[in-house]
Structures are given as C-alpha cells and as structure tokens.
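Required output: the full structure, derived from the provided sequences and hints.
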Amino acid sequence: MMKRLLLIVLSLLAVTALGAQPTGGVKGTIVNRNGRQPIEKAHLILMQGAATVAETSSAEDGSFFIPGLADGMYTLVIDAPEFLESQVQVTVNDGYVKNMFNLGLTGIQRVTDVDDDSFAQFDMDDSGYNDNPTILFGSNDVFNNIAGYNFSSVRFRARGYASETQDVYLAGVKMNDAITGYSPFSLWSGLNEAMRTKESTNGLEVSDYGFGGYNGVTNIFGNATNVRKGLRGSVLTNSTLYRLRLMGSYATGLMDNGWAFAANVSARLGGNDWIDGVYYRSFAYYLAADKVLDDAHKLSFVFFATPGQRGAQNASTQEVYDLVGDNMYNSNWGYQNGKVRNARVRKTNEPIAILKYDYTPSDKFNAYVTALYRFGKNGYTALDWYDAQDPRPDYYRNLPSYFYDANPDMNRNNGIKNGWANEVWSHPDSYPTLTHIDWDRFYYVNRIQTDDNGLNRSKYIQEQRHVDQNDLNLAATFKYRPQDNLTVTGGLNARVNRTEYYKVVADLLGGDYYMDIDNFAERDFAATPYKLQNDLDYYMKNGSAQVLHKGDKYGYDYYAQVRNYGGWLNAEYTLGNFSANLGGRVGYESFWREGLMRKGLFPGLDENGKKLVVDGVTVEPTYENDGSVVTSYGKSKVSKFMTFAGKLALNYVIGGSQRVYANLGYFNDAPRFNQAFLSPRTRNSIMDDLKTIKTFSSDINWQYSGNGINVRTTAYFTTIKDQSKIMSAYDDLQNAFSNFAINGIDQQNIGVELGFKVPTYLVPNLSVQGVLAAGRYVYTSNPTMTQTVDNSAEVVMENVPVPYWKSTLLADGTVKQHYVPSTPQIAASLGLAYNYNYWFIDGDVEYFGKSYLDMNPLYRTETAVAGPDNQVTANELAYMTEQEEFAPAVLVNLSVGKSWYIHYKYQLGFSLNVKNLLNNRNVKTGGYEQTRMVDNTVSKSQYYRFDSKYFYMSGTNYMLNVYFRF
Amino acid sequence: MKKYIYPLLAIILLAMPFKADAGKHRSYVIGFYNLENLFDTYHDEGKNDYQYLPDGQNEWTEAKYAKKQRNMAQVIRAMHDDNKCWHAVLGVSEIENRHVLEDLVSEPAIAEANYQIVHYDGPDRRGVDVALLYKPEIFKVIASESIPFKFTPSRIDWSQWTQEEMDNFKTRDVLMVRGTIDGEMFAFFVAHLPSRLGGKGADLRPRGAEIIYQRAMELQQEFPGIKIVVMGDMNDNPTDVSMTEFLRGKEFISDVTDEDFFDPFLSMIKAGYSSLYYQGAGNIFDIVMVNNAIANAPKGTFKIQPIVQKKFYGRVFSKPFMTNQSGQYKGTPFRTFSGGAFVGGYSDHYPTYIVISK
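Listed in order, the protein sequences are those of chains W and B. Add 14 to a position in the first sequence, counting from 1, and you land on the number used in our numbering. Add 222 to a position in the second sequence, counting from 1, and you land on the number used in our numbering.
Keep in mind the hints are simulated off the structure, nothing from the lab. Among these hints, one or two may not hold up.
Coverage of chain W stretches by chain B, computed from C-beta distances (three or more under 8 Å per stretch; other residues unrestricted) [stated by the list, open to error]:
no.	stretch
1	52 to 63
2	241 to 247
3	377 to 384
4	489 to 500
5	714 to 723
Derived CB-CB ranges, DEER-like [as the list claims (entries may be wrong)]:
no.	chain 1	residue 1	chain 2	residue 2	range
6	W	Gly162	B	Ala365	55 to 63 Å
7	B	Gly278	W	Val249	28 to 36 Å
8	B	Gly278	W	Gly162	36 to 44 Å
9	W	Asn159	B	Ala365	48 to 56 Å
10	W	Met656	B	Gly278	53 to 61 Å
11	B	Pro330	W	Thr194	54 to 62 Å
12	W	Gly63	B	Glu481	40 to 48 Å
13	W	Leu506	B	Ser476	52 to 60 Å
Even for Gly, the Cβ is constructed at its ideal location relative to N, Cα and C.
Here it is in structure tokens:
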C-alpha cells in the first residue's frame, strides 16, 4: 500500500516536473569484479550518441551520481587505471534515477593472455559428444490417459489383469492391501489436492519406487512440497455418488527457512440420482510438513485420514430388476419411520502416518527411507438374525419365480402366491415393506420377544464386521547413476501386518440384547449346547453364552498375520539409441491365522495340548489331512514362501520420435491370506498344497511422439498359473453352508492395445483421439476343488476336478470357451478433443464387448452337470456349464471446462463431465453366479441354477466441479 | 583419450618457446541460454517486476535470488567443465537488468571467466531483456545496437491488427553486437522473440525473424565476409516458418548460400533433441544459427564444427542436475518454480551452443 502511494506521488511529481529541470539520473558504485572492493576515482563519461552529456569520477566508496538527465538512452564509459574500459548502456525512463547497483571492472592483467581455458581442445577426429535425444515417451501415455478415465464406468481392466496386480505406492511404500492385495485408493479418497502428484509406469516397466509386477506401478508422492502452493477451494456435485463435495487446500510451498506445510480437507455428502440408499457422509483431512535441512537432507511428515461412512449397493437378479422396472434397484435399504435407512454401511477411519527421510548427496545418488503406519478401524454393517427367515427383501423365496415356473420339472405351481408376489414386485412403491428392508417390522418383532426377566432378545440386529489393520511398513530405496548411461535402482522393504477380523453388535434394533451363539450350528447341533458357542471359553467360564449389548464383540475374532520382506535391484544401460533394463526381486513372505475366540464347533485342544472337557464331556477333536487338530483358537500353521521375479526390457529409439521396446518378466508370487484359509472366521484350516503363482508376461510396443501426434501400440502375452481361490456359500445338495477351495487356476491373456491422439489439421486446436483394447483372456486349466462343510470341517469333495471350467465340449462337437470375467475384452473409444485459451471440450463414443460373468466352480463340476440321476445329457451339459456373455454397449460422453485468470493471480474454473449421454440403462458392469442349485425337482434328473446377480451402470450422469485458486 | 590431451598439451606448451597459442587449432564455443526470469529482488521503476519482489507473488527473497544466481553459474560452469573451456560468447535472455548480469558474472563459479556484458534496457513490460556475455581477450567489441521491434515494412499481413494494438505492443529488442575474433569480423544477434501465449503471436515471430534477417543482410553488404551468428529463444522450432522462411535457416550446409543461414538445430529437432518441453512434447526454441561465411567458411577462417555424434553441428546441453529426476515432469528441465512454488531448479530451457574453429 505504501509502495503504491509512493508511486502515485512520484508520478505526480514527475508530471509537475515537466518543463522544469529533468529529475532523471543515474547512480551506482564502481567496484573491482575480483573481490568487489570499491574503485575510487574511476573516470566516468556519460554519452548520448557521440555527444558527451556529463563527466564525473567515483567517490571514495566507488559511488557516483549523475543527476538532471532527460529520459533516453545513454552510454556510460567507465575507465580506471589497470582495468578494462567498460561501456554500460543506461536507459533513463519516466524521470527516475536509474540505480545501476554495482558496476564491476575487470583487471587488465587478468585477461591479457588467451589461455587454454579460452578455447576448446576439440580434435575434430575423435572429439565431440555422444548425447542422445531424450524423448519423453513415458509421461502422459496416450492409451492410459483415455482408457484410464473414460473406461472406469464399465470397470475396464487393462489387459484383463485383476486390479490387485497394479502396484500402488505412497511416498515410496507399496500400499496394496496386505491381506487381499486390493488397490488402496479409498484410503485417501477425498484428498485429491494432496495426492495429485504421482508418477506411473506401465505394464512390465520397472519404476524408481519399486520393482512392480506386470500391470504398472503408480507412486503418489503425498508430501507437503508436492501440494500445489496457495489456497484452493472447490465445490463439486455429482449425480451418481454424492450430491456435494467441498474441498479446500492450502500449501506454503518450500519457504526460505526450509519448511513447507500443506493441508487438505474435504467433505463428501449426500445421495445421488440413480441408486437409492447409496450415500456418503465422508470427511477427509491431511496435514504435512517438509523440512529441508540442507541440499542433501530432507525430512517429510504426513498424517491423514478419511473418516466417514457410505451406504453400499447390492446386486439383484434380473427377475427383480425387471419386475420393479429399474436396473438400479438396491435391496440394501428400507424405510424406518418413513426415512431411508441402508443396512449395509461402510464405516472407516484409518489414519496413516508417514515419516520419510530423503538423502541426496549428489546428483548421481539419491536415497530415501520411509516408515509408514496404517491403523484405525474399518468395518461395514450387515443384518444378522436369529430364529427368523432371511430378512432381505429380494431373498429368492420372496420372488414370484419361487412360486411358479413354466417348467413343470421345477415343481413350482402356486399360481396364487405367484400372482401376489408379482403384484407386490411390480408395484414396489405400493408395497415398500415387502420390496425393501422392513425396519419397522424388525423393531416391532424385537420388542415383543420378552423373556422371563422382562427383557427383549432381538431377532434381528445390525452387526458391524471389522477389518482393523495395523500395518507397519519400512522401505529404503536408492538410485545411483555412476555414469550418464548407467542407472542402478534398488531397495529393501519390510511389512508387518496384523489385521483383526471381528464383529460387534452395531444396533439391537429395539431389542435389549442378543446372544453370542452360532445360529447355523444351532440348526445342526441344537442338542449339544457347547457346539453352538461362538466363544467357548466364555461359556466354560460362565456356563452360558454371552449376553450381547451394543458394541460387544461377538461371532468371531482372529488376527490375520502377514510378514513380507524383500529386496530388488534394477540396472538400466544406454548405448546410443539402444537401452536395456535388467532387474530382479527376491522376497520372503509368510502369513498365519491367530484365533482369539474358541469356537464351539472347533475347540481344538487346551493350552496344555489336552482334550477339552466341556459340560463333563470330553470333546473329541477333528483332524486336518496332515493330522493336526482342527482348531479355531491360537496360532495356525505358518505358510512361508520364497518369492522371486526377473525382468528384462529392451528399448530402441528410431529417429527423433519413435521407439520400439519390448519387455519380458517372470514372477513367482506368494498367494495371499484371503486365498489360503478355508474358513478363517471359524478355524485355522488352510488349503492343502498351497502353491506360488507363476506368471510369465511379455509385450512388444511401438510408440510415436512428435509434432503433436502421440501413438502407442502394444501386443502382449501373459500366462498366470496356479492361482487359488476360496469361496463360501450355502450348498443346497448338502443343506449346509460350505467352503469351496479352488486350486490350480491357470489363465492366458493375449491382446493388443492402441492409443492415439492426432491433430485434425483442419481446425486448429482440435484433435482426434481414440483407443482400442482387444484381448482374449481365457482359462487354460481345469482347477480342482475341495468342499468342506463350514459347521463340521467335513470334507464333501476333495481335490475333485472341475472339468468344465476352462471350456465345455458340447454334444455337437463344438467347444465353448470360458473367459476370464469382469472386464470387457474389447473396448474402443473414438472422440474429439478441443483445447484452446483455457477451454477444453472432449467428446467420445465408446464400444464395449465380450464381457463375461464371473463363474462359480460348482456348476462346472461333474456332480452338478450329471444331476441327481448321475446321467450327463447334452442339455444338462450346455445348460449347467454355460458362461453368460454380456450384451455389448455403446456409450457417449462429453466433457467441457474452462478456467479464467483474474489479475494473473486468481484462477476460477469449472469442469462438467456428462457420461452416458444416450441414457443407456442396460449396461451390465459385473455380477456373479450364485453358488446354489435347485435340487427338489420332479424328475430328479437334473439340477437347475439359481439366477445370477448383476450390477448395472447408471444412465446419463454428470459431475460438475467449480474451483477457485489463489 | 580426451583427459590425456590436457596434461599432454601442458607439457608441450612448457617445452615450447613460443607464445601459448602459436600454431594451435582454436575452437571457440558460442551459445545461448534462457535464464528463466533472472530477476533481482528490487523494484525497477516503471517495470512490472512485482511478481519478483520479496513481498510479491513469488516471494522473491535474497535467499532465493542467491540460489538462482548460483544455479545459473553452475550451469555455465558445467558447460566449461565439459568443453574444457569457457564460452567465448554467451547470449542470454530473461534477465531483468544490468544488475543481475553484474551479479551473475561475479558468481564464484564463473568469475574467473571475466565475462564482459553488453546489455540494453529494453521496452518489455515485464522488464526482461537479452544480453551478451563475452570474453574480452577473445572478442573485441566494436559496436552494438538494440534493434526495436517494428511492424512495418514487412511481407507479413497485419490486417488482423489495429493501429492501436500495434502501437501498444511491446516486446524485447534484438541485441546486435559487432566486433572481431582473431581479426575476423563477427556479428552476434541475440533475440527473444514474442511468446506463444495468445493466438496472434504466430505472426510476431516471423516478423522478429524478418527484422533480424534484414539487419544481417545489411551487415553483409556493409562488411563483406562478416561472420554472423543469430541466437536466441525464438519461441518457434527450427521447423517453423519464422526460422525456415524468414530467417532462411537451412538444414544442410551444402544448401546454404549468402542469402541463407545454416540452422544446426533443424536436423537435431528431427532427431528428437529438445531444449524445452511443452505438455510433454519436445521443442528446440533455443537456436543458434550461422551465416554462410561460417557455414561454408573460406579456408583458414572460422568454420562451424560437428560436435555431437560427429554429425550434429549444435549441442543441447543437459545434465541430470538440470533435469527433473522424478514426478510428473520427470525428464524435463528442472525449473525455478513448479506450480507456483519455488523448487530451487535452474531454467525451463536447456542451453544450446555451437563450436567454431579455424
């Protein structure tokens, strides 16, 4: 403010001074360049053209001042004995005195000779440099830019790989879930500003942050200096997830004192236009500080969490969707006192603390060490009930098909009930208590279950299933460039994860208490009370099951313990236009289960290894295949695996804008906890013959980048062998809840990718862009399956083949191939992108095809195909083993955005994305086959499949984001 | 091999009774470096340097200024260490005033080069100018001039511009410095042509090139045989019309006549070399080109030499320390500011240079 006032005053003075003596001038100090000592009595001549305007000498302190100069250009000639003469161009403008600060003179003796340092010693025969062009092929991959954003709505998976094969790092630590391997993005959702800066590699490429697998590595930096400086705010509304997102961030950037601070907060609130019951009430906060100690040492601190809850969606059968006339029907919610309540709500609060030390002693070597700790609570609610029918509205016994089926063999002939059910489901709004969860009835029922003490034992409750992680990670990584054409990267990592699985009573729904007993066990073992106990130790101590109140732990409680230790090394060597990468990784991984609750069904032995005596009866233990006792309590066998992997990459740059490169990789990876334990909620039993997963992956690529054109094409071939899987489901043939362990799943993914962006040349700033991903992802083995009964560990089938898993040889001799599900195997997009003067407009048309439903192995067994009569017919074979292919879909999307700079300081902008403009509401994005069969048929000659369940994509939807930055 | 030459030469020199440079192959390095907003921390009256003040948007404090100067000197020093000699002539752009140049040439890392300065305060609104640094024992300055940007006369159609727009348009002057090296007459042009922001710049750069070309042809008339080097941040690639048509920059020496320039960076951009990146795509805006008297030099006079891979006559100088080693801008020049925050880097451009030799 003062400065501006001064300016005004000065310019007024300048105006009034017109016509009077000029106010302009020049001042400065003459110094010796070498040491900056002032030079006294230097002779100064100020000239304008050839005319001398003024002449003066520098004072004792070297200073000079020539006043009274009119605006214009002058030459100041400075001369002093023993110094080179210097000519300085001086411009006097607007009547100001020009301050030249120090004007340095160079001593004559310093420059009289031309020395070796003055001219180069190039010997033209052998000298010169072997610099190679650096073309940024890696950043902004044209395929991923388009596919990554546009294809997410159909759950597209690059090259058909499972999402957990993509390695996601935060601050140099691999964050994929220790138990499941899942991508961890939800841990920081809502912190977009804080987590914006990232670096990604593609496919088999090795990253600077980790060795990676065959599906790319993304490292999110997440520290304070990587948050954009300044204050930012945004408001976002969205029609498929939540109504409102408010977000703010502030970052100081690196300050002169070496500190940088950053904060980011957000709230995501409300429901959406498409799926009832789905809502967000999620918050997020992030605080970070960086301290640069000196050029070599830097410390980073980060703490963030995204506490909140959101309502979930559930899949239903097509029968339900068709009857209610809406593929977005969600069976998870119902009315309570007229208000919508979701039975399945995910509640999370998992803070993450990071401490990182960066060491950069030279530009040839850098290293960092990160310690990252994830903790807190993560759970979701679900209904639990006792002595009552499954309360979910779309339970199969509530649907019209359960009462009548045109096929007489199904023995469903109740036309009247079928009519009623049809009436109800065709008018869901008229019968909300039947077509949605009937919360009011739960409360009513729970309040009339009065016991002898006048208390009500709830029949229906809401439980909360917890998966609470304690995840400690250490990673040390280095990058060393001993010479310009050789880079060596490597690192060490350790992970200690203890995840507690348990459930608590979340809501008694009007009742006073609930009992900690296993109601599935009660059906089979009602006469043996100890077998019903979820917590046998409590029962033995107190003589009865625990009376549960809100917040009490019950049902099951165990630790999943995971330990991973590993190291990796990679070298990249460049020779001319050719470069090669060779790298390897080794690791030791182990996991085990540690039961914290002794379950009545699998009590095992006591702490002294003796058989337990309960209610005066000695409990005879059951045994695993290896002779060990089946137990729910204590530490299981430890599964240990040595893992290793190797990668080779070759890269050749052609001219200035093309390259050809190829990658090869072999991976021997450990299975994960969730692929190993048969029934971790009840016991320590682990899949026999657990094998490492062996993956071979290769690709060859051509890339063009130049003149505004970007193209990448890739062909890839990958085989994945010895995968395992655990499923649990009610088996109608056994009339028992069962565990299915599937072993030896092999698959092959082969395909091509093309991504391009090319200027139209006709209209400036308008480009054509598109991608094509065409693959063939098939199963190449028939796995084996072991089925055990959950309540008894009884083995129903042991290592039986699943002969119709990879394909079916039909009676007419044709082979029906079965495919890896849950992603379109053909995806294409073609669109236009316009970008000019802070406007962007993108529009595209997309096609998705050859997407398949996830298969359950039971339908592909000989037992299921043969039916009760044990005779395989052509019809049974085709019917039972068939895999559903989803109908292809065509979608149109449009995005538009613009930002404005205000006074070069503030930025205001918006972006609007409209997806599925054609309002196509019949696009299946996923689903699953139920692992159940109808067996009570008339003919007793074949089984029937239960209807599959599906998820659909929403119709036309939008997202509008308005942001302000300053 | 190269590392032995130096001590070997020293021994030979000591043994010889002649002057050090007698009978030797002399190669001189001539280059250009865009110093990316080399501002001091003081306000220059009448100039829009408010971003670069201690209380300005960039919080341009003495500490940041000192780091920036150190970095600029480090790059110049690194080129010296690679070439085993200092640039004889180095054109620079995006400097605020004489003061920052005085500070730069006094930086400890390069002070020993004793660079002298030719600089004029130009009319640019932000107050950034071009300048020439030279070694006084090699290059003897005779004259210099600051050539203003004028719209006419030109073969460019200015019908899209109103007279008012043309009157108000201000950009950097082109600097021309004439002098001798080893008795041969040289002229160096240093330019920073109008930027690509805003749609109308497409006509301004050809006009800037035209101004340089016209003056260069006049000098050739006036001083037959004069050797001319045109360098600068052209904000256009060697492949753009401003460079190929208006400055007549040719790709091959054999195609160069007295009316043309040889542009060594034309073949280099085609080979994929880049001196800066914009949205992930490489460019060479930092161009050094020479006239026919250097391209097809008479025997025994200074001639341009191939210096990269024995076939390229120019060099884009980049070292890992000048380059982002991680993050979304990995592989691109490590800048002073990123996303508005000071990150302590160098410049958004890499320097480029050529070598002339007798």
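The hints, checked one at a time:
no. : hint                            : verdict
1   : 52 to 63                        : violated (count 0)
2   : 241 to 247                      : holds (count 3)
3   : 377 to 384                      : holds (count 3)
4   : 489 to 500                      : holds (count 3)
5   : 714 to 723                      : holds (count 3)
6   : W:Gly162 / B:Ala365: 55 to 63 Å : holds, 59 Å
7   : B:Gly278 / W:Val249: 28 to 36 Å : holds, 30 Å
8   : B:Gly278 / W:Gly162: 36 to 44 Å : holds, 38 Å
9   : W:Asn159 / B:Ala365: 48 to 56 Å : holds, 53 Å
10  : W:Met656 / B:Gly278: 53 to 61 Å : holds, 59 Å
11  : B:Pro330 / W:Thr194: 54 to 62 Å : holds, 57 Å
12  : W:Gly63 / B:Glu481: 40 to 48 Å  : violated, 32 Å
13  : W:Leu506 / B:Ser476: 52 to 60 Å : holds, 57 Å
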